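Peer 1: Going down the list, the sequences are from chains E and B.
Numbering-wise (numbering that gives the first Met the number 0), the first sequence opens with residue 0 and increments by one.
Numbering-wise (numbering that gives the first Met the number 0), the second sequence opens with residue 0 and increments by one.
Possibly wrong hints are sitting among the right ones.
[To be verified] The calculated SDA-like cross-link candidates involving lysine to any residue, where the alpha carbons are at most 25 Å apart (straight line), are: (1) E:Lys-112 <-> B:Arg-130; (2) E:Lys-7 <-> E:Glu-53; (3) B:Lys-38 <-> E:Ser-149; (4) E:Lys-117 <-> B:Lys-46; (5) E:Lys-46 <-> B:Gly-144; (6) B:Lys-133 <-> E:Ser-167; (7) E:Lys-4 <-> E:Glu-58; (8) E:Lys-46 <-> B:Arg-130; (9) B:Lys-38 <-> B:Asp-12; (10) E:Lys-7 <-> B:Ser-149; (11) E:Lys-112 <-> B:Ser-108; (12) B:Lys-46 <-> E:Leu-105; (13) B:Lys-133 <-> B:Met-165; (14) B:Lys-7 <-> E:Glu-119; (15) B:Lys-112 <-> E:Asp-103; (16) E:Lys-133 <-> B:Leu-105; (17) B:Lys-4 <-> B:Pro-50; (18) B:Lys-38 <-> E:Glu-119; (19) E:Lys-46 <-> B:Arg-122; (20) E:Lys-133 <-> E:Asp-103; (21) E:Lys-112 <-> B:Leu-124; (22) E:Lys-38 <-> B:Met-165; (23) E:Lys-112 <-> B:Ala-125; (24) B:Lys-7 <-> E:Arg-85; (25) E:Lys-133 <-> B:Ser-149; (26) E:Lys-46 <-> E:Gly-15; (27) B:Lys-4 <-> E:Ser-149; (28) E:Lys-117 <-> B:Arg-122; (29) E:Lys-4 <-> B:Gln-87; (30) B:Lys-117 <-> E:Glu-58; (31) E:Lys-46 <-> B:Asp-103; (32) B:Lys-112 <-> E:Glu-119; (33) E:Lys-46 <-> B:Gly-126; (34) B:Lys-112 <-> E:Arg-122; (35) E:Lys-7 <-> E:Trp-86; (36) B:Lys-7 <-> B:Gln-76; (37) E:Lys-112 <-> B:Ser-110; (38) B:Lys-46 <-> E:Lys-112; (39) E:Lys-7 <-> B:Ser-137.
It should be emphasised that the hints constitute simulated quantities derived from the structure, not laboratory data.
Since the structure is predicted, the reported quantities are computational estimates derived from the model, not experimental observations.
Protein chains: 2
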Amino acid sequence: MPMPKSIKLFYFDFHGGRGETARLALSIGGVPFADERVKGADWPMLKPSMPFGELPVLEVDGQRISQSNAINRYVGQLTGLYPDDRWQAAQCDEVCCAVEALNDALGPSFSLKGDEQKRERERLLAGSIPRCLKGLDSLLAQRGGEWFASNRLTIADLKVIEITGMLSSGRLDHIPADIVERTAPALAAHRTRVLAHPGVRAYYARFDL
Amino acid sequence: MPMPKSIKLFYFDFHGGRGETARLALSIGGVPFADERVKGADWPMLKPSMPFGELPVLEVDGQRISQSNAINRYVGQLTGLYPDDRWQAAQCDEVCCAVEALNDALGPSFSLKGDEQKRERERLLAGSIPRCLKGLDSLLAQRGGEWFASNRLTIADLKVIEITGMLSSGRLDHIPADIVERTAPALAAHRTRVLAHPGVRAYYARFDL
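Please take these sequences and the hints and turn them into a complete structure.
Peer 2: Written out as structure tokens, the structure reads:
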């Protein structure tokens, strides 16, 4: 796959979220890119120029694509973090899609307040969240217990820590910070394993976290 | 890509929805598959054996994957309905992901009733629905106005008619059947174009619709 001349990744200015998998993958793969961290104040002006008015967006030699998993797959191929084998690629995609569906399910709860947010988050705790975590837990076990595809680090693992990190952060009101540990202990161990990967450690070591 | 010996697609027993893209792609590509249409009464027994307890699920030589876009991409590669070029593949993925995000946004409204459903569907009509339709409309225009990737029919086009068909069906309470025509006329024309494709016509001609 020929290496593009210029890669820019537009995402919001925080660690985590839908842009984190591509930032991590590009860094692990040693592919230079402009990490365009959009500040809240600049977003309203930028929003209309972005596909679907959303981030993350990847700009490659001047052309843009949106949608986190489309970006992740492209970047995964560029960085060797995506399976070559078609079936293992499908297994990698399955995991990325399942995590994104949980992102989508969680999304509306962020704009709710007070009791409405509490009710919605409790609904998620009784449905989408355990369903996704237990489903991922089963897939991980079936695939050897360490990595989600190809027996090595791929974008699927990076995508999974995107969500297990958010759920375990203690920053989501009404979501207990031990939800991953309690629902799917193997995913908590998977998160520790991925964070210990030399490429992931090197990425986060650059920041004052 | 070597052709599997046995392919089964498990999905619910209706035309449309998240399983339709794979059914269409396999049929258009002339790839034999067992179209396992799960009846409502059989689903509770089958559900625990399916990844994430959800459909569609694709079974290839005895191994299963879930998540519609993971299935679509695999099936698209098998049937020649997925771009070979990496960037056009990313454009194809972008469209599939955007449609799936709208499926995810619409999902919770199906289990609501009465005024609650009305409020939720009105919220979608003011947000996710036009954002997705207009975003797709722009992408289609940028890509020549006829097809979403590679200037030919791909799984992206099949995925788009999955949602434009549902939104235009008149079967969703509080969603006006002319919403696609009114919000993104080029997508209504795209739907007509895809339905006129010989492979798509041949597929639907087999059913008494």
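Peer 1: Now tell me, hint by hint, if it's right for this structure.
Peer 2: Against the structure, the hints:
{"no.": "1", "hint": "E:Lys-112 <-> B:Arg-130", "in the structure": "holds, 24 Å"}
{"no.": "2", "hint": "E:Lys-7 <-> E:Glu-53", "in the structure": "holds, 15 Å"}
{"no.": "3", "hint": "B:Lys-38 <-> E:Ser-149", "in the structure": "violated, 35 Å"}
{"no.": "4", "hint": "E:Lys-117 <-> B:Lys-46", "in the structure": "violated, 29 Å"}
{"no.": "5", "hint": "E:Lys-46 <-> B:Gly-144", "in the structure": "holds, 23 Å"}
{"no.": "6", "hint": "B:Lys-133 <-> E:Ser-167", "in the structure": "violated, 35 Å"}
{"no.": "7", "hint": "E:Lys-4 <-> E:Glu-58", "in the structure": "holds, 11 Å"}
{"no.": "8", "hint": "E:Lys-46 <-> B:Arg-130", "in the structure": "holds, 12 Å"}
{"no.": "9", "hint": "B:Lys-38 <-> B:Asp-12", "in the structure": "holds, 6 Å"}
{"no.": "10", "hint": "E:Lys-7 <-> B:Ser-149", "in the structure": "holds, 23 Å"}
{"no.": "11", "hint": "E:Lys-112 <-> B:Ser-108", "in the structure": "holds, 20 Å"}
{"no.": "12", "hint": "B:Lys-46 <-> E:Leu-105", "in the structure": "holds, 23 Å"}
{"no.": "13", "hint": "B:Lys-133 <-> B:Met-165", "in the structure": "holds, 16 Å"}
{"no.": "14", "hint": "B:Lys-7 <-> E:Glu-119", "in the structure": "violated, 36 Å"}
{"no.": "15", "hint": "B:Lys-112 <-> E:Asp-103", "in the structure": "holds, 21 Å"}
{"no.": "16", "hint": "E:Lys-133 <-> B:Leu-105", "in the structure": "holds, 23 Å"}
{"no.": "17", "hint": "B:Lys-4 <-> B:Pro-50", "in the structure": "holds, 22 Å"}
{"no.": "18", "hint": "B:Lys-38 <-> E:Glu-119", "in the structure": "violated, 30 Å"}
{"no.": "19", "hint": "E:Lys-46 <-> B:Arg-122", "in the structure": "holds, 20 Å"}
{"no.": "20", "hint": "E:Lys-133 <-> E:Asp-103", "in the structure": "holds, 17 Å"}
{"no.": "21", "hint": "E:Lys-112 <-> B:Leu-124", "in the structure": "holds, 22 Å"}
{"no.": "22", "hint": "E:Lys-38 <-> B:Met-165", "in the structure": "violated, 37 Å"}
{"no.": "23", "hint": "E:Lys-112 <-> B:Ala-125", "in the structure": "holds, 20 Å"}
{"no.": "24", "hint": "B:Lys-7 <-> E:Arg-85", "in the structure": "holds, 17 Å"}
{"no.": "25", "hint": "E:Lys-133 <-> B:Ser-149", "in the structure": "violated, 38 Å"}
{"no.": "26", "hint": "E:Lys-46 <-> E:Gly-15", "in the structure": "holds, 20 Å"}
{"no.": "27", "hint": "B:Lys-4 <-> E:Ser-149", "in the structure": "holds, 22 Å"}
{"no.": "28", "hint": "E:Lys-117 <-> B:Arg-122", "in the structure": "holds, 20 Å"}
{"no.": "29", "hint": "E:Lys-4 <-> B:Gln-87", "in the structure": "holds, 17 Å"}
{"no.": "30", "hint": "B:Lys-117 <-> E:Glu-58", "in the structure": "violated, 39 Å"}
{"no.": "31", "hint": "E:Lys-46 <-> B:Asp-103", "in the structure": "holds, 22 Å"}
{"no.": "32", "hint": "B:Lys-112 <-> E:Glu-119", "in the structure": "holds, 16 Å"}
{"no.": "33", "hint": "E:Lys-46 <-> B:Gly-126", "in the structure": "holds, 15 Å"}
{"no.": "34", "hint": "B:Lys-112 <-> E:Arg-122", "in the structure": "holds, 16 Å"}
{"no.": "35", "hint": "E:Lys-7 <-> E:Trp-86", "in the structure": "violated, 30 Å"}
{"no.": "36", "hint": "B:Lys-7 <-> B:Gln-76", "in the structure": "holds, 16 Å"}
{"no.": "37", "hint": "E:Lys-112 <-> B:Ser-110", "in the structure": "holds, 22 Å"}
{"no.": "38", "hint": "B:Lys-46 <-> E:Lys-112", "in the structure": "violated, 34 Å"}
{"no.": "39", "hint": "E:Lys-7 <-> B:Ser-137", "in the structure": "holds, 21 Å"}
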